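K.L.:
Residue numbers (the numbering used here), protein chains in the order written: chain L, 5 to 532; chain U, 5 to 532; chain X, 23 to 283; chain A, 23 to 283.
By construction, these hints were calculated from the structure, which means they are not laboratory data.
All values derive from a computational prediction rather than experimental measurement.
Where is the CB? At the ideal position from N, CA and C, for every residue including glycine.
Where hints are given, some of them may not hold.
To be verified - Computed list of chain L residues with no C-beta within reach of chain X, every gap over 10 Å:
1. R27
2. H117
3. F210
4. G499
As the list claims (entries may be wrong) - Derived CB-CB ranges, DEER-like:
5. X/K155 / U/R16: 54 to 60 Å
6. L/T452 / X/I30: 52 to 58 Å
7. X/E216 / L/A144: 50 to 56 Å
8. X/E181 / U/R155: 53 to 59 Å
9. X/G159 / U/E146: 37 to 43 Å
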Amino acid sequence: MNGIDERLRVDRSMVAACRDHARAVADGVYRMISGKTTVSVERTICRLLGIDGVDERGVPLPNVVSDYLQSESLVGDGAWYTLARITAATGCAPIDSARRIAAGQLDATRFAHIDAGHARELLDPHLVDGIARIDDARAAREELKAQYPHRSQPWLYVIVATGNIYEDTVQAKAAVAQGADIVAVIRSTAQSLLDYIPYGPTTEGFGGTYATQENFRIMRKALNESIRETGRYAQLVNYASGLCMSEIAVTGAFEGLDMMLNDSMYGILFRDINMERTFIDQHFSRMINAYADIIINTGEDNYLTTADAVDEAHTVIASQFINEAMAKRAGLPSRLMGLGHAFEIDPDREDGFLLELAHAELVRRIFPDAPIKYMPPTRHMTGNIFKGHLMNAMFNLASVLTDQSIQLLGMLTEAVHTPFIQDRALAIENARYVFTTARHLSREIRFTPDGVVQRRADQVLEETHRMLADVASTGLPAAIEAGRFAAIGRPVSGGKGASGVCETGERYLNPFADEFARRLDERREGDR
Amino acid sequence: MNGIDERLRVDRSMVAACRDHARAVADGVYRMISGKTTVSVERTICRLLGIDGVDERGVPLPNVVSDYLQSESLVGDGAWYTLARITAATGCAPIDSARRIAAGQLDATRFAHIDAGHARELLDPHLVDGIARIDDARAAREELKAQYPHRSQPWLYVIVATGNIYEDTVQAKAAVAQGADIVAVIRSTAQSLLDYIPYGPTTEGFGGTYATQENFRIMRKALNESIRETGRYAQLVNYASGLCMSEIAVTGAFEGLDMMLNDSMYGILFRDINMERTFIDQHFSRMINAYADIIINTGEDNYLTTADAVDEAHTVIASQFINEAMAKRAGLPSRLMGLGHAFEIDPDREDGFLLELAHAELVRRIFPDAPIKYMPPTRHMTGNIFKGHLMNAMFNLASVLTDQSIQLLGMLTEAVHTPFIQDRALAIENARYVFTTARHLSREIRFTPDGVVQRRADQVLEETHRMLADVASTGLPAAIEAGRFAAIGRPVSGGKGASGVCETGERYLNPFADEFARRLDERREGDR
Amino acid sequence: MSGVRPDITAIRPYGDTLDDGRIQMSFTLPMEASEQAREAARQIALGMGLDDVTVVHMRDLGEGFSFHVLYARVTVSVDASRIVVAKVTTPVLGFDEVNEYIAARYTRPVRVVGACTGSDAHTVGLDAIMNMKGYAGEYGLERYSGFQTWNLGAQVPNEDLIARAMEVDADAILVSQVVTQKEVHVRNLTNLVELLEADEARDRFVLVVGGPRVSHELALELGFDAGFGSGTLPPEVASYLAQTCVIRGTAATRADGDGGA
Amino acid sequence: MSGVRPDITAIRPYGDTLDDGRIQMSFTLPMEASEQAREAARQIALGMGLDDVTVVHMRDLGEGFSFHVLYARVTVSVDASRIVVAKVTTPVLGFDEVNEYIAARYTRPVRVVGACTGSDAHTVGLDAIMNMKGYAGEYGLERYSGFQTWNLGAQVPNEDLIARAMEVDADAILVSQVVTQKEVHVRNLTNLVELLEADEARDRFVLVVGGPRVSHELALELGFDAGFGSGTLPPEVASYLAQTCVIRGTAATRADGDGGA
Ligand code: B12
Ligand code: B12
Ligand SMILES: Cc1ncc(COP(=O)(O)O)c(C=O)c1O
Ligand SMILES: Cc1ncc(COP(=O)(O)O)c(C=O)c1O
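Just chain L, with the same shape it has in the complex:
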């Protein structure tokens, strides 16, 4: 990187072999999901077509439409085609169609079928509008960034989680004033399993604040104020994860978010969501993230909260290869792949820090262009806040020493409560101190050729390679079923949200996917 001598030797041919296996794994997944859609993908299309708001009972209109599609067995036709069919019959714009459906005033099954070209054309103005909203939000961010540049990496990433979006903004602004570069609003615990996005500003949440479009807007506005006050760009993060992956992705794209938690397997492993559902949703959500230029954050760090950080280090990297392969399929360039890993080795283990360096350095070398996201110690944190603060310092040091990109700051009260305002301030102070005093340490150091660090890195890469070869041969679903990731096994056909998966019919259309793909191709050409 940056013309600096390599601190660590990495077997490039083994890395290439890993990539090949991961590509094969992704191919298998894509074969599994081809010809399928989900209710949440359809709701996402609704949102892109301008459908928003809630009905009288508070049900979001995109859900009104998807419920209707399900109840009338029209999911196979898809939202676009059905809405176009309604437009053809009634002249209604999609939002009006949704309102009429909500009011029970419409029976689309009675309308005449139309051909694909006509369906495509009829709603084209709405497609243009929908994409323009994303373009505008992106342009606004670009403008701000040009005026108020980012600080150098590793970026300081903190979370707010009060449950009250207004209290969150106060804490977020305070954090930016203290030096945070990135603010993530943690979602309420229950939200990942909701099959809809709540509506409007919210002031009660549990262990976090609901992800809603209005909450996104309120927080974006607050951060934009902070940006002007501090003269530094501040990034906003939320979760395109759970049962509404792609819907939240588009909501975030509309409201100018900068990053989204988004993983190809997290929902399956940690939220027991159905595999097909997850694989389909993650694909469309990533197309949106890619188009909106939003960095994704993958969730490999979570593996090490349940599995041992040394024994299972290779599963993290194997998963990163898979996340990368899947993300490429969705059109995400490397610079938007915030692959996740974590600093979770037992603090009382002799030379544990050496192993952490090996892991972090290996990830950095394998994915040189990805904005790697490094997660702090959580598992071995205890009520001993003083020791916890030190563990976070060593984590910060590992980061600056191995050129990580996105540093999620550890809280000294990790084992006690969700962060107090001073916990966050102390975490920022911790990172700023370490990052300043050791700013260019990464350029100063080389690991000895046959030292513990180098040998450990070699070993983990080998184990990764072996695992990927296995997964490529059995296929990802079987590997997940066997509990290869995070030591959690999930049955192929089980899990939540399975009923929201549907085969697409002959009439099915998703012109947004086509358009995103086309434009992403163009952009890639332009990049060359």
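Use these hints to put chains U, X and A with the ligands onto chain L, whose structure you have.
P.N.:
Using the frame of chain L, we list chains U, X and A with the ligands on its own:
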């Protein structure tokens, strides 16, 4: 070290040139003090001859003797000769002579003079006894060490400072139980300027506990209990520093101390003690330390509490070369030279940690066999205990990364109060965490050939060389007068305790010095 | 001759001298950093009955907040001779001992159903106690021949947990609660006891709760039989269950009882 | 619409919700780690009027001590609208302004004698204010044309300091006190004022004290004219002296006064 590849390149010829200059500096000092003694050297001889206890007014008997010598203008004859002369006339053992002097019952000036051989012989049994006490104390330590070995370096060094020796023992034992390897009992502030050693156990002190023989004994006993309880050897430290350098050295030697703060210039610079007095006292004190196998701790760290740690880094190393040259003169082998330095760079300075590494590594490379003593951040510590705790962690990391030997632990409350019991516990926890998790990091790393660390080390060594060349040409007294060390200037003939310096006369004898020198020579031969 | 011999009836915090009462504190005030804020911090401490209060560090946090670090002296003391802490009193047995104990006294293995209830998805703690692998080198209940276990996992509604316990004719129910924000664990646990009581089934089970913020005392308060906190090892729970089910005469110890799956 | 709008008349600590009263504490008890000790720690906090007390960490320190980390809720509040903090009120001027101010109003440079008194040997703070070099990029008093300074250094007995101030007919005396163990600074400072009063010389000098644990309030309490704490910059002191000596009419401002060295 240990066959490990060198992390840093050090210009060996420049180091050799520095040593040559330092030797010249020491030669100059020794020319200045030759043919001189001090009241405290004479009191030390008294103690070695078995004189202890206090008179009716509480004046220590060694002081009774030295006061008598001064009042009768007998300092030039010295304590040994005068006591031998009394023995010749009265048959009194030295302790009885001292008691008689205290009682005003004796006028030595009336006794006949005797020849040197006779004087030497008369007190020889007392010499044998005195030295045997040191030998016994040393043997007892050796035996304990053989049974309960030291932990590996860096050793964890903590201080206790309650003022009450009994409360100190409780805190010391708690510290050893928590993992401390070394306990220093800080002296009461005022003690360094007392021209006597207080007597007996003491329970009131100011910012520290008086160094007395009884206090040494009480603490040694407490630590020996700890050693048996924990199965690890624990070292005891006090201060052979101030106006009673050599007297305290012998007291510590009798009571089995392991280390002594002892510097060739500290008293001059920081306590405004007269130069000649200091140079004479330090010589004899170091002979005793050497003979008793006690590690000295020099005080270069103090320079950086008043002078800037970056600008003045070379003065620390120049002073270490001088301390080394003087210590060699007194017969101290390198393995007993605990040369001091400190981690005092502004925590908010970009890449400050890189500079600290350069300094620490340089000291380590220049004095490979010395048990380097590394002092913690003090100057930039504030009431922000959380940040302070982190600074101490980086200090601990610098230590384990550069193979330091003696780690004086930083307290998170450095800017607030003398250590509470939990402050010390947190400091030990801090060091143990960092030393464990990064145990063999020093073997893993090499500094890049033209990086900041390497270039900084080169620069400091050059500056050191230039400074030593200067000091060698002007002589040390002139350099001190000019404020070259710690930015503190002291006049050659000023300072406290000057009246305690005296020319030795023809009859003067110090058979202890001769005997120590002889036996140290023998030991060196034996070592080969 | 020792310096420190504390009076157990009047225990006070200790800094470096017996009874000096020294403590450290830190907190945020919703005031920007200023001499006023520093004084407000001092007054908060005075309001707590402290004296010798020093604000050793104050830092502005932005948005009208300031952070304060204080040292002060506590003036109250505690009579530690009168502290009685509720404790699990059954002796802790070894792995084999537990199995032998059960084999000797029970008609069948002790049946244990466990779950993380409510919205709690933290399974690691419960798994540590229940699963084969166990925790810190100690096997979990599943490994014992004396136990038959059902670990229902995360986010289990209290109703489902009870239904399952009834279904398998369990002897004991283990509940894990890790999330404690806004006292949600207290609500969850109280609700479980209420449901059991409504079903008149409270006495059928030995009811145990665990989690990092759980104490035996809290468990008793909430109507549980025992509570296990941070760092609990599986044998402690196994020993407790083996011995308590006998005393309580749960299904496995009753001659007639062998219902369930 | 903002979430947080604190009531200035009832300020409480803030964790993550307005008025949640959350604070962190840590201290040692002279009891070895045990459930009793944990409970004693909790009771100490209850004795301070706190509620919602959790001991989140307990550790044995050996020799019969245990260390505790607690979180708890403060129940008192402070009326911050009624806090009045004594402050140095003279405006802070720049380097040139101070010199011009003095040149315009005084018959000669203002004479300042400073010392670290008693057994205090910490000269860095006083040097920062008085010496040429100054502190944090700001020149010290010695550099100002408006001041003539005598820095007597460390461990100066109060008697010597007063004698010297008399001798040079000083306008102001600056005292530094860094060591505060067992309130030794309070004793030293009180003694200085008493000695000055005994000499009926208290009014001759503007009397200033500084040090990291000094506040203006404490200084006034002890009979000084001003106190300067941690992080004081030389211009603050220079401005204060320049303006105060005029008001107080010290030697340098009196037409007749040009005694001394
Ligand atoms: C791992 C972890 C996760 C994992 C959980 C994975 C899993 N499958 O369990 C993941 C990443 C999924 C996660 C998610 C969340 N977490 Co979480 N998590 C943790 C973490 C880091 C460690 C917990 C742990 O595994 N400890 C190790 C086990 C072995 O210890 P233990 O649970 O104490 O168990 C022992 C004893 O208590 C006892 N025990 C426990 N249960 C039982 C039961 C019985 C019957 C018995 C006898 C004994 C017993 O025995 C065990 C062995 O000794 C803690 C922080 C920390 N370091 O403590 C946060 C923490 C618990 N999480 C927290 C939160 C808020 C969440 C989220 C809500 C955050 C969000 N908004 O997204 C989510 C949602 C989770 C949910 N719905 O519950 C908070 C809880 C705050 C509070 N006190 O209320 C914590 C403290 C972090 C924080 N500071 O914010 N988390
Ligand atoms: C440097 C230092 C030393 C040096 C002093 C060198 C010297 N020539 O000054 C040495 C190594 C000699 C030393 C020795 C000791 N020290 Co010391 N030392 C410190 C240290 C690390 C820094 C102090 C410092 O220089 N601060 C920087 C200056 C610029 O800040 P400042 O003093 O606050 O000054 C500013 C303001 O307060 C104000 N100010 C200060 N004075 C004045 C005066 C006036 C008139 C005005 C207007 C303003 C003003 O303006 C200044 C600029 O902003 C502190 C710990 C710490 N980090 O604070 C311990 C500390 C002060 N030392 C301490 C102790 C106990 C000692 C010893 C007694 C230890 C011992 N038993 O051996 C000895 C003896 C000293 C003695 N007799 O007084 C304790 C004091 C504890 C207490 N609160 O009572 C401390 C806090 C360390 C500790 N935790 O134990 N020390
Ligand atoms: C990819 C991803 N999504 C989501 C989450 C958050 O979990 P939840 O499912 O509770 O929103 C995480 C965990 O940190 C994650 O890594
Ligand atoms: C060599 C040496 N002697 C003595 C001391 C202690 O100072 P005092 O003179 O107060 O005993 C120090 C300071 O830490 C020191 O480095």
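K.L.:
Against each hint, give a clear statement of whether it holds in the structure.
P.N.:
Against the structure, the hints:
1. R27: For L/R27, whose nearest Cβ neighbour in chain X is about 33 Å away, the distance exceeds 10 Å, so it holds.
2. H117: holds, 44 Å
3. F210: violated, 7 Å
4. G499: Its Cβ never comes within 10 Å of chain X, the nearest being 13 Å, so this holds.
5. X/K155 / U/R16: 54 to 60 Å: Holds, at about 56 Å.
6. L/T452 / X/I30: 52 to 58 Å: holds, 56 Å
7. X/E216 / L/A144: 50 to 56 Å: holds, 53 Å
8. X/E181 / U/R155: 53 to 59 Å: 57 Å Cβ-Cβ, so the 53 to 59 Å window holds.
9. X/G159 / U/E146: 37 to 43 Å: Between X/G159 and U/E146, where Cβ atoms are some 39 Å apart, the hint holds.
In this structure, the one hint that does not hold is number 3.
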